[in-house]
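**Q** Fit chain B to the supplied structure of chain A, relying on the hints for placement.
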Amino acid sequence: MANKTIEQRLTHEYTAGFVSAIEADTFPPGLSEDVVRAISTRKNEPAWLTQWRLRAFAYWQAMPKPEWAHLHFPPIDFQSISYYSAPKSQADGPRSLEDVDPELLRTYEKLGIPLHERAALAGVVPDPLLPSRPDVAVDAVFDSVSIATTFKDRLAEAGVVFCPLSEAVHTHPELVQKYLGSVVPQRDNFYAALNSAVFSDGSFVYIPLGVRCPMELSTYFRINARNTGQFERTLIIADRGAYVSYLEGCTAPMRDENQLHAAVVELVALEDAQIKYSTVQNWYPGDAQGRGGIYNFVTKRGTCLGDRARISWTQVETGSAITWKYPSVILRGNDSVGEFYSVALTNNYQQADTGTKMIHLGRNTRSTIVSKGISAGHSQNSYRGLVRISPTAVGARNHTQCDSLLLGRTCGANTFPYIESSNPTATVEHEATTTRVSDEQLFLCAQRGIDAEKAVSMIVNGFCRDVFRELPMEFAVEAGKLLEVSLEGAVG
Amino acid sequence: MSLLEVRDLYANAGDKPILKGLSLTIGAGQVHAIMGPNGSGKSTLAYVLAGKPGYTVTSGEVLFDGKDLLAMEAQKRACAGLFLAFQYPVEIPGVSNMEFLRTAAEARARALDAEPPSAVDLIRRLRAISNELGMNPDFLKRGVNEGFSGGEKKRNEILQMSFLEPRLAVLDETDSGLDIDALRIVGEGVTRYLKAHPDSSVLLITHYQRLLDHIVPDVVHVLANGSIVESGDRTLALKLEAQGYAWLDAG
Numbered sequence: 001m002a003n004k005t006i007e008q009r010l011t012h013e014y015t016a017g018f019v020s021a022i023e024a025d026t027f028p029p030g031l032s033e034d035v036v037r038a039i040s041t042r043k044n045e046p047a048w049l050t051q052w053r054l055r056a057f058a059y060w061q062a063m064p065k066p067e068w069a070h071l072h073f074p075p076i077d078f079q080s081i082s083y084y085s086a087p088k089s090q091a092d093g094p095r096s097l098e099d100v101d102p103e104l105l106r107t108y109e110k111l112g113i114p115l116h117e118r119a120a121l122a123g124v125v126p127d128p129l130l131p132s133r134p135d136v137a138v139d140a141v142f143d144s145v146s147i148a149t150t151f152k153d154r155l156a157e158a159g160v161v162f163c164p165l166s167e168a169v170h171t172h173p174e175l176v177q178k179y180l181g182s183v184v185p186q187r188d189n190f191y192a193a194l195n196s197a198v199f200s201d202g203s204f205v206y207i208p209l210g211v212r213c214p215m216e217l218s219t220y221f222r223i224n225a226r227n228t229g230q231f232e233r234t235l236i237i238a239d240r241g242a243y244v245s246y247l248e249g250c251t252a253p254m255r256d257e258n259q260l261h262a263a264v265v266e267l268v269a270l271e272d273a274q275i276k277y278s279t280v281q282n283w284y285p286g287d288a289q290g291r292g293g294i295y296n297f298v299t300k301r302g303t304c305l306g307d308r309a310r311i312s313w314t315q316v317e318t319g320s321a322i323t324w325k326y327p328s329v330i331l332r333g334n335d336s337v338g339e340f341y342s343v344a345l346t347n348n349y350q351q352a353d354t355g356t357k358m359i360h361l362g363r364n365t366r367s368t369i370v371s372k373g374i375s376a377g378h379s380q381n382s383y384r385g386l387v388r389i390s391p392t393a394v395g396a397r398n399h400t401q402c403d404s405l406l407l408g409r410t411c412g413a414n415t416f417p418y419i420e421s422s423n424p425t426a427t428v429e430h431e432a433t434t435t436r437v438s439d440e441q442l443f444l445c446a447q448r449g450i451d452a453e454k455a456v457s458m459i460v461n462g463f464c465r466d467v468f469r470e471l472p473m474e475f476a477v478e479a480g481k482l483l484e485v486s487l488e489g490a491v492g
Numbered sequence: 493m494s495l496l497e498v499r500d501l502y503a504n505a506g507d508k509p510i511l512k513g514l515s516l517t518i519g520a521g522q523v524h525a526i527m528g529p530n531g532s533g534k535s536t537l538a539y540v541l542a543g544k545p546g547y548t549v550t551s552g553e554v555l556f557d558g559k560d561l562l563a564m565e566a567q568k569r570a571c572a573g574l575f576l577a578f579q580y581p582v583e584i585p586g587v588s589n590m591e592f593l594r595t596a597a598e599a600r601a602r603a604l605d606a607e608p609p610s611a612v613d614l615i616r617r618l619r620a621i622s623n624e625l626g627m628n629p630d631f632l633k634r635g636v637n638e639g640f641s642g643g644e645k646k647r648n649e650i651l652q653m654s655f656l657e658p659r660l661a662v663l664d665e666t667d668s669g670l671d672i673d674a675l676r677i678v679g680e681g682v683t684r685y686l687k688a689h690p691d692s693s694v695l696l697i698t699h700y701q702r703l704l705d706h707i708v709p710d711v712v713h714v715l716a717n718g719s720i721v722e723s724g725d726r727t728l729a730l731k732l733e734a735q736g737y738a739w740l741d742a743g
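Residue numbers (this note's numbering), protein chains in the order written: chain A, 1 to 492; chain B, 493 to 743.
This list has only true hints and no planted wrong ones.
Below, a list of computed lysine to aspartate or glutamate pairs in the EDC-like style, where the Cα atoms sit at most 20 Å apart:
id: 1; chain 1: B; residue 1: 568; chain 2: A; residue 2: 453
id: 2; chain 1: B; residue 1: 568; chain 2: B; residue 2: 553
id: 3; chain 1: B; residue 1: 544; chain 2: A; residue 2: 439
id: 4; chain 1: B; residue 1: 544; chain 2: B; residue 2: 583
id: 5; chain 1: B; residue 1: 568; chain 2: A; residue 2: 440
Counterexamples of contact, computed for chain A against chain B with all Cβ distances above 10 Å:
id: 6; residue: 18
id: 7; residue: 65
id: 8; residue: 254
id: 9; residue: 274
id: 10; residue: 334
id: 11; residue: 357
id: 12; residue: 477
Where chain B lies over chain A, by a calculated footprint (3+ residues, C-beta under 8 Å):
id: 13; region: 429-441
id: 14; region: 456-467
These are calculated hints, taken from the structure and not from any lab test. The beta-carbon is built from N, C-alpha and C at its ideal position, and this holds for glycine as well.
Chain A extracted, bound-state conformation:
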C-alpha cells in the first residue's frame, strides 16, 4: 500500500520556476580565450587575475571530464552555453538598494528573499515555538552578477567584509590574491578548472581576528537567463579565533533544456576559527518526465589551516537534475574538526552523487559525517565519501553515519564509502542503514488522523532530524517545508 500511494504522490510542484523579464547583457554562446578575456575586461579585473583565468582555461582544455560518478546524462556541449549574463540595469555594478531595478527586487520578493534590511529570509510563517528571527545579511546574485548586499554598514562596524567577490578583487586584493585557488586549485578537477576560467560573481567574506560575525550571512543565487551557465565563486576567510555562519540558497526557472551550474566555494579557517556553511539547494530539478533541470557540478572545500579550527558543512539538496558535489574538509591544523551533515532528496528522474572528503593531516583531528539520502520516483541517489587518515594524523578520529530512505520501488540508493587509513592510532567508524517508509508507520499515522501525504513528509522530516538540527533555526524551518514541496505527489 505504502509504495503505491507514495508513487501516486510523485508530481513535483516547483514554486520558484518563474522567469523575470529583465533586459540582460548576455554574451553569445561559446567559450574561447577571447571569452575569458572579455569576462575579465567586463569586470575590470587586474592583469594578474586575467592571467590566472587564462591559465585555468589552458588547464581545462587539456583535462578529462570526470566519469566515475554514478550519473548518466548526455555529453554537455560547452560551446552552446553563454558564459556571462548580467541585467542591463546593473551595468555599473551594485550600488545602493534604492538603485536596484524594481523588477529584480520583485524577483527576490517572490522567492521570499526581501532585499531590505528589515527581515531576513521570508516565506516562513512565524512559529510561536521558535524564538523570533535574527537579522540575516543577504548578497543576491542574479545570473553572473551580484545585484545587492544588505547590512553592509552594520557588518563594517564589526570589521566584517561581506561583498561580491568582483568587488573584493579591488577592495581587498591582497586577501583575494593570497587565498583564491589556495583550497581548490585551478587544476583540481574539470569543473573547478572551468569555473576558474569563467567564474562570475559570488560572495567574499573576511572575518577579522577574534571577531564573531554579528549576524548570519547569506547569498542567494538565482539563474534567470536562458542558455546561460552560472559559475559563481565564493571565498570565505575566518581569521584566528573568528566565527561565521553562512547560508546559501539557489533557485532557477523551469525550462525544458538543461542548464549548467559549476561553482567553486573555498573556506579558510585559521587557528581557533570556526566556519559554519549551510546550503539549501533548490535549483530547478526538471519535470516529472526528467526534462530540463540544472546540472549542478560543484566543488566545495574548506581547509582548517590552524590548530583547533573547525569547519562544518550542512547541506539540504532537493533540486537539480544532476548533483555532483562533495563539500570537503582538509584537516591540517592539530585538533581541528571537520563536519558534514547532508540531506539529499531525489524525486522523479533526478540523480545525485554527493558526499564529502575528510582529509586528516594534523594530530588528533576529528571528523563527523552524517548523510541522509531520500530517493523517490525513478531517481538515483548515491553517497560517495572519502575518509583519508595520513601518516601524520596521530590519534585522528572519524565517525560516519550514512542512512538511506527509499520511497517506492523504482528508485535507487547507493553508498560508496572509501576509507584510507595510514596511521594505526586512528579510529574510523562507518555505519549505514537503508529503510523504507513502512505500511505500519503509515497506518499508525492514519489511525491518529494524519493523512498519508502529511505522514510521509513528517516521517521524512524525522529521518532528516540529525541534519536539520545543524541548520540555523530559520533555515531548518524552510528546509522542512522544502522537503514537503519536493515530496508533493509521493502519496495519494
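**A** Then chain B, alone, in the frame of chain A:
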C-alpha cells in the same frame, strides 16, 4: 442509541477468513472486554474496526454513532473518534511525540473544520497528561516509540488516547508485557480518562483478567473461532481465569 454496533461481521486477514458472524453492541460510556484464546480473532476485530489495509470485510455491517463505519477511510474513522491502542506500537524515528501529536491534532481540526489547538495549550495539556501517567516530560521530545521499552510504548498509547479524546478506544492487549506497576498506571490512566469523559467507551482486548482489576468492565465477551460465544458480567472473566477456555467447547 448505541455508540458501536457490529452486526454479523465476516472479515478476512489477507485471504484467510477470521471473523465469522461477530455481533457486538457497545453503549456510550460503557466498558466492554473481549477475551479469548490465541487466534480467535481479537486483533483482527481491532484492525477491522480501525480500517487497517489488508483486512477486508466480506459481509456484515458496523455502525459508529449511527454512521456506516466501514465506508470511511482509516483516517476518517480516527477523526470521527475511534482510537486504537496498538499491541505492537511502531517507531517513527526522529519525529518527536510532541510533533506527532501536534500534527495529529492539526489534522483532526482540519477534518472537523475546527481551530487547531494553540502551541501553548498543546504543550500544557501534554505535560499534564504525561505527569498523570508518571512519564518524564522529556518523553515528549523523544522520537515516537524510538528506543522505548515495552512498558513505555504502552504508556505512550494511553497518553495519545488521553490527548486525542476518542469516543471509543479499542485497547489491543495493552496489558501485555507490562509489569505490575505499569499495569496499575495504565489502568488508572484509562479509568481517569473515562471519569473525565463519561460518554466515551472502551473496548478492552486482553488475555488476562488482571487488567480488569484496574478497569472494571460492564460486559465481558468471549471470542472463539471468529464469533462471540459467551457474554456476561465481570465474573465471566474470573471464571475464564480459573478454568481456561476449554469449558466453552464442552458446552
